[in-house]
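A.B. asks: Below, each chain spelled out in residue letters.
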Amino acid sequence: MTIQFLGKTLKNPMVLASGILGNNCDILERVHENGCGLVTMKSIGPEPRDGHKNPSVIDLGHGMINAVGLPSPGVLNMENEWDDLKNRNFPLIASVYGGSVREYQIVAEFVSLKKPDFIEINISCPNSEKHGMIFGVNPQSSHDVVSAVKKVIKVPLIVKLTPQALDIGEVASACEDAGANAICAINTVGPGMVIDIESKMPVLAFKRGGLSGPMIKPVAIRCVFDVYKAVNIPIIGLGGITTGKDAIEIIMAGASLVGIGSAIRYRGIDVFKKVALEMETWLKDHDLCMEEIIGAAHREG
Amino acid sequence: MTIQFLGKTLKNPMVLASGILGNNCDILERVHENGCGLVTMKSIGPEPRDGHKNPSVIDLGHGMINAVGLPSPGVLNMENEWDDLKNRNFPLIASVYGGSVREYQIVAEFVSLKKPDFIEINISCPNSEKHGMIFGVNPQSSHDVVSAVKKVIKVPLIVKLTPQALDIGEVASACEDAGANAICAINTVGPGMVIDIESKMPVLAFKRGGLSGPMIKPVAIRCVFDVYKAVNIPIIGLGGITTGKDAIEIIMAGASLVGIGSAIRYRGIDVFKKVALEMETWLKDHDLCMEEIIGAAHREG
Amino acid sequence: MNTILDQKHIMLRVEKKHVENQTHATLFFHHALCFKPGQFIMVWIPGIDEKPYTISFHSKEKFAITIEAKGIFSKKAIAMEKGDLVGIRGPFGNGFDIKSQGQKAVVAGGCGMAPLAPLVENLDKDTIFIHGARTREYILYPDRFKIERLFCTDDGSFGHKGLVTDLLEKQITSGKHLDMVYTCGPEIMMYHVFKICEAHHIPCQVSLERYMRCGFGVCGACVCGRQVVCRDGPVFGSAALREMKDFNTKALLKSGKEVALSQYFSWRCK
Amino acid sequence: MNTILDQKHIMLRVEKKHVENQTHATLFFHHALCFKPGQFIMVWIPGIDEKPYTISFHSKEKFAITIEAKGIFSKKAIAMEKGDLVGIRGPFGNGFDIKSQGQKAVVAGGCGMAPLAPLVENLDKDTIFIHGARTREYILYPDRFKIERLFCTDDGSFGHKGLVTDLLEKQITSGKHLDMVYTCGPEIMMYHVFKICEAHHIPCQVSLERYMRCGFGVCGACVCGRQVVCRDGPVFGSAALREMKDFNTKALLKSGKEVALSQYFSWRCK
Ligand SMILES: Cc1cc2nc3c(=O)[nH]c(=O)nc-3n(C[C@H](O)[C@H](O)[C@H](O)COP(=O)(O)OP(=O)(O)OC[C@H]3O[C@@H](n4cnc5c(N)ncnc54)[C@H](O)[C@@H]3O)c2cc1C
Ligand SMILES: Cc1cc2nc3c(=O)[nH]c(=O)nc-3n(C[C@H](O)[C@H](O)[C@H](O)COP(=O)(O)OP(=O)(O)OC[C@H]3O[C@@H](n4cnc5c(N)ncnc54)[C@H](O)[C@@H]3O)c2cc1C
Ligand SMILES: Cc1cc2nc3c(=O)[nH]c(=O)nc-3n(C[C@H](O)[C@H](O)[C@H](O)COP(=O)(O)O)c2cc1C
Ligand SMILES: Cc1cc2nc3c(=O)[nH]c(=O)nc-3n(C[C@H](O)[C@H](O)[C@H](O)COP(=O)(O)O)c2cc1C
Ligand code: FES
Ligand code: FES
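Residue numbers (this note's numbering), protein chains in the order written: chain P, 152 to 452; chain E, 152 to 452; chain F, 2 to 271; chain B, 2 to 271.
With the rest of the complex left out, here is chain P (with noise of 0.2 Å):
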């Protein structure tokens, strides 16, 4: 299933989702070899930031709440990180984040010199009081951010949006028309909130987060499918996918790539081979190639 991504060749159309687990190059390297053919690294914002306290992930049954909020060591203080990374053997998105235009400029244009292969920027976390969110939800101020850091990067650059958005369609546009190589559809659903009746108190320390996982798949589905007919650029399709069929499903709304994170959490580190392999079974046995699915739900009817 070897595809063809912004001019990269990558094994398989299946992404790690930020956030998850890509904490440093060994594990990146470690989910690479389990079947992931793209890997994005955790966040990167302009400050060190702890993120908020714990309870910051809790499972629901069907999917899962985080507000995690964003801990970064900071850009300037990820050398380590980066020296690990240079020699890697396999594909990386090196995703980024700030709380204005400028600070969304200043860490992707250094992480930039790093060369990833890839810069994906985060504008629409809604675990942070003032990072990402309120860019994605608007399509001017998602063009403001995007064309500010096409002009300082040297690599393709992904945007990943919000299911927030009202009309995620007409964001995914203005991204594209400020330069936007690829969409990365969706970050968390929500924000939920899960009160623990007992002591009367919100769960999380942060109160609200984010949904993920098989409960927010048809949000996920809705969205990729606007973001498809809104533009021409490529999309990695992600939320809730935890099966071949559920990735070929985002595919046929649309995605180019499918990206898992929570599913890790019910299938394993080896979630990506399970699901590439489960795409190419039902491909195989429909007849039918990668190509001549994405956005077929278009087609028909």
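Hints in this document: simulated from the structure, not taken from any laboratory.
Note that this is a predicted model, so its numbers are computed, not measured.
Beta carbons are placed, not taken as given, at the ideal position from N, Cα and C, and that holds for glycine.
One or more of the hints may lead you astray.
Below, a list of computed lysine-lysine pairs in the BS3-like style, where the Cα atoms sit at most 30 Å apart [said to hold, decoys possible]: (1) K9/B x K424/P; (2) K18/B x K204/P; (3) K37/F x K424/E; (4) K255/B x K396/E; (5) K380/E x K396/E.
Residues on chain E that point at chain F, a partial pick, calculated with CB under 8 Å [unchecked claim]: (6) G202; (7) G212; (8) H213; (9) K380.
Could you slot chains E, F and B with the ligands onto chain P? The hints should help.
C.D. replies: Okay, now just chains E, F and B with the ligands, sitting in the frame of chain P:
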């Protein structure tokens, strides 16, 4: 658990959600007899409307997705129903929708003459091309429709909100300023989409639909929490409530009454009786009463 | 009882089609369904619509539905061929109560034979089994049952010329004692069967039809008085029928508008 | 294996508190947990924080955790009383592998006794059991085990004066053949135990500690080289340890920053 709500006495805090079963007087009466303190009619529109083709409601296991599409006989074609309801022995919410401020006003004014106990305006339905949702995502347009409707009706007004608003607290607050007597939160989440990979087609005839049931509870809890912080009027909390503990949770988030829709699927029409009993038992075991726990999650910690 | 997970949406391919006559066909599927006679499934033809159909044949690993061509959907359905794809959800509904003792009778009218067929296969050989159709060629499943059938047709081309209710009354007045009557067919027919049963104090069970959306008791499209046809029914016993003001009188259109049954039947889903 | 549903967040009340000494207390809960020695749970004190704790006692319907007062959270935890409310999630992690055959040894340092206690209760009577602590009063569970313990303390107030590694080496050099060594305690201690085992070709299992968030292998907070401590561990065998560059050298802070282990241990969660 007798309760006061906008000047009326209800036998308990349970509410039947709009669009669920409420198609005639007989069935509303039966829901009331099955332990529901306050029942809501299916949303009434200005014109006869068939709604969307089937499939329009699909179960997803941990919730459901629907695009029924606001079917309605039209406000002027319901004389039989109004006649039947005239002699009802239960409190009633009439839900209304329109495609413009003027339409909301016309429908609500007519419905007000039929003397329901309350009118609810649905400014939050995602399943129609033009109805409702556009108002509920924006504080200004919500304010406009609420103040227009308030002018022409003689019963208390409830406003039903969508979780898709960027800041639901802000919308609720605009509604309160415009004269709303209570907030109902939330309508369905998303929208989402389910694609059947064999036929390569979205399963719902309308393609996209709103999510409801257990999987949306965290979003409902967060929305009610936000609304409670923003307004001083009472809140009907709903979205995924299925058990007595769920009901306690949404009350602690800030709800005074608890709505149930999808849970009828999972626990039968007597879910109201069951949930009310479970709530009572929990309250007794904890030596607490309803009033003490409304909004409790805002006070602790 | 079926668990809720059993009722999730799945896709199946038509395994075999059996053309019954000009307007009826039976579609077979290879799929193990946990099922009780009288229950129904929601059948989706991608790109067309989704409608409820009763299960007309059931074995450990197969089931079938029998469709009468009426409008767009059912015409598409009988035109389907082996290998064609449909989505199904279900089974839904309560099904017939077959636990009751004593002498039973089954009264089928036209395509109302469909839900009754798997029931008949579960009943004693001495069951009185009345089946009416327009003409001889519209008699469904002519060679299927071990139980003897009393036939009637509108034109007298097969069996008695006249209505199933004539045959039922004849049985009763000829002194036959009945303990339970199961019936399905046009609502007016079922209404008359019910009336006959009431007059002779015989409990009966009828299978109703209303416009449906969810199939599982949430959306309210199918309410009939106090009853939710998709969940409390589609089979209703005498006690429920006595209180059901809407039986043979009213039904809801797709818009939710309450109309006379005649108007409901002349409405075409668009 | 625990199913995922077993691991959902639940609230429990402290059933009993046993003060072990000035800085250690054991909290008992009445709750049936499906558990394997070496696994841990995430413990939430509402309004404070949530941290991982090993299960130090387990019966069919009870379990306990033993806490050493270090920072804000653990001080709150040992100050809790009967009836106080905590949330738990889990159990998580792999636990010790107890299927191996032959002569076993257990080496516990300080609060590292906690995860080893339920393991010891599952081992043969001839297991070599070494336990070290600062002083006599910091010896956990003095009367709990049937297996004889070899004690050591930093100040010699009880048993050997010195380190657990002294006692382990003495056993080996005195000719005792060992087939498996289980150890938990400060990472530097475990590192030396591992080195001794390597030198003598004895397989060993150590239980690691890293900052954790999710506890189920998703967030990446606890990664240690190629290993995910909360899921692949917390117990690691010799093969994994040999390749684990970060063992006794590096750990991630809450921010994800990779630092020397000494810096990690002097960091206080805010
Ligand atoms: C629980 C249940 C079980 C059913 N089982 C079967 C079955 O086993 N076999 C079968 O053929 N059909 C069955 N039906 C009816 C089926 O669902 C469709 O309504 C029917 O096939 C007509 O659909 P259509 O879209 O082709 O026709 P439409 O386009 O809907 O209508 C075509 C014509 O049929 C008439 N019509 C439409 N709906 C009804 C109705 N509900 N009752 C009577 N006449 C109607 C109209 O007057 C119209 O002229 C069942 C219905 C229910 C509720
Ligand atoms: C899998 C696992 C199982 C554990 N089981 C137990 C147990 O059974 N009993 C128990 O008492 N603790 C256990 N811990 C450690 C526990 O989770 C807390 O880290 C500890 O109680 C300190 O928390 P605190 O918030 O009170 O201290 P903090 O405020 O976090 O720190 C207080 C002091 O402790 C030191 N410290 C903080 N974190 C660590 C660490 N991870 N390792 C070593 N020193 C640290 C710091 O140097 C600081 O000076 C376990 C940890 C893990 C990962
Ligand atoms: C614990 C956790 C941490 C996350 N952190 C980030 C992050 O730092 N940056 C980001 O862009 N997305 C982050 N996400 C969102 C995921 O990348 C992904 O978009 C989302 O979880 C939906 O995919 P899933 O359902 O496969 O998990 C995080 C998700 C989880 C569950
Ligand atoms: C089949 C269906 C139809 C609905 N129709 C309406 C409607 O007409 N008007 C309305 O305000 N809400 C409607 N809703 C939304 C519900 O009233 C409710 O807000 C939502 O389902 C969340 O609650 P629940 O999770 O308890 O179902 C509908 C929901 C469903 C599932
Ligand atoms: S079809 Fe929805 S309630 Fe019966
Ligand atoms: S604590 Fe989250 S991966 Fe280990």
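A.B. asks: Against this structure, judge whether each hint is valid.
C.D. replies: Here is how each hint holds up against the structure:
1. K9/B x K424/P: Satisfied, since the Cα-Cα distance of roughly 27 Å is no more than 30 Å.
2. K18/B x K204/P: It holds: about 26 Å lies between the C-alpha atoms, which stays within 30 Å.
3. K37/F x K424/E: holds (28 Å)
4. K255/B x K396/E: violated (34 Å)
5. K380/E x K396/E: holds (22 Å)
6. G202: With Cβ-Cβ at 7 Å, under 8 Å, it holds.
7. G212: holds (6 Å)
8. H213: Violated. Min distance 10 Å.
9. K380: violated (31 Å)
Comparing the model with each numbered hint stated earlier shows that hints 4, 8 and 9 do not hold.
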